[in-house]
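Colleague: If you read the sequences in order, they're chains A and B. Quick note on the numbering used here: the first sequence kicks off at 2 and runs consecutively. Quick note on the numbering used here: the second sequence kicks off at -11 and runs consecutively.
If you're looking for bench data, these hints aren't it; they were derived computationally from the structure. Mixed in with the good hints there might be a few duds.
Stated by the list, open to error - Below, a list of computed lysine-lysine pairs in the PhoX-like style, where the Cα atoms sit at most 25 Å apart:
hint: 1; chain 1: B; residue 1: Lys84; chain 2: B; residue 2: Lys56
hint: 2; chain 1: B; residue 1: Lys45; chain 2: B; residue 2: Lys56
hint: 3; chain 1: B; residue 1: Lys84; chain 2: A; residue 2: Lys72
hint: 4; chain 1: B; residue 1: Lys56; chain 2: A; residue 2: Lys58
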Amino acid sequence: DTGVSQDPRHKITKRGQNVTFRCDPISEHNRLYWYRQTLGQGPEFLTYFQNEAQLEKSRLLSDRFSAERPKGSFSTLEIQRTEQGDSAMYLCASSSRGSGGGQSNTEAFFGQGTRLTVV
Amino acid sequence: GQNIDQPTEMTATEGAIVQINCTYQTSGFNGLFWYQQHAGEAPTFLSYNVLDGLEEKGRFSSFLSRSKGYSYLLLKELQMKDSASYLCALSGGYNKLIFGAGTRLAVHP
């Protein structure tokens, strides 16, 4: 396994167009996250999947954004009617749930991201 | 909320030691992560603290004090390749990470 992969690496689109990004997590990881990062800032959490279930969405995720993980493997993030403010790096990360009961923390592995530019 | 503060920029000399501080205000979190991010690349994991104290991993160490709302990342024997952004992040439910803005470290010869 080569890690988390994202496609495309770069996307330039005109304002008002729809775009879709894909993330392939590390194969045995059941947890998948989307983050958005703008220049000079840390990544901001957007949404979380455990297997195919979307369990948490940030208030940052407007109704123009939708994410899916239909079979609990790869995930897609779609942005409809893009705006210039959507220009950012979109990062996907995956991790595995730790062994044992309760919630234990394991590191998240990030993909290289998709850089979106809306013109 | 979870306000996380880090210095914006730091500079250091090759071979030296640098300490990057992170302070936070939060009602609760599972653990504290440090990630390294080179320009245009993905963040990569450096260290994780869940209990108070020092965690050491080679040239990198991280410290956490929950009572003081404080962590630091210590980098020893600095190399030019250590020039990068260093991100402090708190983990909450579902391992969701809340990041600070990051500290850009420039290592000079």
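Colleague: Run through the hints listed earlier and report the numbers of any the structure violates, in increasing order.
Modeller: As far as the earlier hints go, only 4 is violated by this structure.
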